[in-house]
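Participant: Given next are the chains, with one letter for each unit.
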Amino acid sequence: MNIIELKNISLKYEDKIILDDISMTIQNNSVHVILGPSGAGKSTILKVILGLLQVDDGKVIIDEKDINSLNEQQVLNLRRKMGFVFQGNALFDSLTVAENTAYFLSYFTNKNEEQINQKVKEILSFVNLNGSEDLYPDELSGGMKKRLAIARALATDPQIILFDEPTTGLDPINSKAILNLIKKLQGAGTTSVIVTHILNDAIMIGDTLTVINEGKIVISGSVKEILKSSDRFIKDFFYEINDNMFLSNKIKSECYERV
Amino acid sequence: MNYTELKIFSKESFKNKIRLLQNYTLLVIDIIKMIPTVRKNRDVVLNEMYMIGTKALVLVALGGLFSGVVLAIESGHNLEKFGATLLISRTISLGMVRELGPVITGLLLAARTSAKNASEIGAMQLSEQIDALSAFGLNPAEKLIVPRVVAALIMFLPLTMIADMAGILGGMFVTNTTFHIDLSYFWDTAINVLQFKDIFVGIIKPIFFSFFIASIGCYYGLITKGGTTDLGKKSINAVVTSSIVVLFLDFIFTKVVWEVM
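Chains as they are written, first to last, in numbering that gives the first Met the number 0: chain X, 0 to 258; chain R, 0 to 260.
Calculated from the structure, these hints are not laboratory results.
A portion of the hints provided could be inaccurate.
[As the list claims (entries may be wrong)] A short list of chain X residues far from chain R (calculated; beta carbon distances all over 12 Å):
id	residue
1	Lys-15
2	Asp-19
3	Thr-24
4	Leu-75
5	Asn-76
6	Asn-111
7	Asn-116
8	Thr-167
9	Lys-175
10	Lys-183
11	Gly-188
12	Ile-218
13	Lys-234
[Said to hold, decoys possible] Just so you have them, the derived chain R footprint on chain X, three or more residues with Cβ under 8 Å:
id	stretch
14	79-87
15	97-108
Ideal Cβ placement from N, Cα and C applies to all residues, glycine included.
So that you can see chain X by itself, here it is in the shape it has in the complex (with noise of 0.2 Å):
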């Protein structure tokens, strides 16, 4: 079943192209990457998803909703089955770790304290972050802090996360370890749309790829599909799992022997 649709979506801003006439379709409970160069509108199509920007054509269709036909209040409600994991993670600052997690639990859900601290410390522990729950996003490392805004997307049982370049900025044991909770959440029955720029993480975890260039898509399909095609946007890109010097072996075996 798909959960997110988008049909020949359209966005200009001041005569500037965003998005040209991008379709794709997201399974339930799969793992999709948007993967792109920087400034290729990959964010943009997260926030078309959310609804926090309207297209000038075409149709956003979430869990069998057409977006554009809701009212300020249903899009609201709507958002409510989604979590997002902000590039920077925009993190409440003047909240610990775990008033944080609980921020929109506290909203959303009837329960009452103590289950909402019962919550947050199940959420906590999921993502490894037991132990830090009195601690401000301040004195987080950037990894714990990825895995705050993760938890906090998490809190309120949303069927589809939304990550924005989620391991930007972390040093490969912690991008690893994002990596792996995504996959987790797979497991869990979340869907998540990933945008990177990073190829191997891409390949890593991605069940269907979308690769797109200055707003229109290139290729969409599963990792095999998209290695076996012969557009030389797609080889350039591509073609950096082999001649990156700085991944080593292990990565670079790991990322063939998932495709």
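Dock chain R against chain X, hints included.
Facilitator: Chain R in isolation, oriented as in the chain X frame:
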């Protein structure tokens, strides 16, 4: 230096100001519509009441006190020339309750509250915390702006009354020590001279001031973009705009009260 920035009366600048005013008006309409939702955010309202009200108590009391003292000295020396020092208490009482109390409190709180709201919300905007609220299905205005406006509406009137009282007491002290007016005479005259319209205008002004001071600060916070330089600019704009609005509203209310009542 970019000299185009100096064209403050250019066509583009005028258009931008109209656009700002239009967007601010839409925000005001949203705030009014959302006031009933404030019950959900009682904790935030109480915290804001403490931050913008209780913590401003000393500032406002001192502002009122010194205004009353200065008013007593200035009016006393002038009235003394005509042998009319007995009128000082009337001048101080009416001056504080109708004008100086609300305006001094309004200006002090315009600086304090507007800057606080603009910088807090602006910093949240820059770190995407406002986007996070929207992305998770919460209305940022309901969560951040309405509680701040309601807290200001609740706290500004008592603060103005404290400023009025401090001013009258300061004036009474100066009148007694410098112009040798009996304390009980001063107090009786100061209270009896006040009519309904004086108290009415003294109450209505802080209510309107509080709404605009709090909402203007929040609005400038919401439109902050770029980085810390813009945050500084928006905080200054918030203070300047709210101060001008306080003075303009004061003029309007004074004119209307004298014309109508």
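Participant: Against this structure, judge whether each hint is valid.
Facilitator: Tested hints:
No beta-carbon of chain R comes within 12 Å of the beta-carbon of Lys-15 of chain X; the shortest separation is about 18 Å. Even its closest Cβ contact with chain R, about 24 Å, leaves Asp-19 of chain X beyond 12 Å, as expected for a residue assigned away from the interface. The Cβ of Thr-24 of chain X sits about 22 Å from the closest Cβ of chain R, beyond the 12 Å cut-off, so the non-interface label holds. Some Cβ of chain R comes within 12 Å of the Cβ of Leu-75 of chain X; the nearest lies about 5 Å off, and the non-interface call is violated.
The non-interface label for Asn-76 of chain X is inconsistent with chain R: the shortest C-beta to C-beta separation is roughly 7 Å, within 12 Å. Distance check for Asn-111 of chain X against chain R: the nearest CB is about 16 Å away, which clears 12 Å, and the non-interface claim stands. Every Cβ of chain R is farther than 12 Å from the Cβ of Asn-116 of chain X; the closest lies at roughly 17 Å, confirming the non-interface assignment. No beta-carbon of chain R is positioned within 12 Å of the beta-carbon of Thr-167 of chain X; the least distance is around 14 Å.
The beta carbon of Lys-175 of chain X sits about 25 Å from the closest Cβ of chain R, which is more than 12 Å, so the claim that it is off the interface holds. Under the 12 Å C-beta cut-off, the non-interface status given to Lys-183 of chain X relative to chain R holds; the minimum distance is some 21 Å. No beta-carbon of chain R is positioned within 12 Å of the beta-carbon of Gly-188 of chain X; the least distance is around 20 Å. Against the 12 Å criterion, Ile-218 of chain X stays outside the reach of chain R, whose nearest CB is about 28 Å from its own CB.
Every CB of chain R lies more than 12 Å from the CB of Lys-234 of chain X, the least distance being 35 Å, so the non-interface label holds. Only when three residues or more bring their CB closer than 8 Å to a CB of chain R does the claim for the stretch 79-87 of chain X stand; here the count is 6, and the claim holds. Proximity of the stretch 97-108 of chain X to chain R, defined as three or more residues with a beta carbon under 8 Å from a beta carbon of that chain, is established by the 3 residues found.
Consistency with the previously given hints fails for numbers 4, 5, ordered from lowest to highest.
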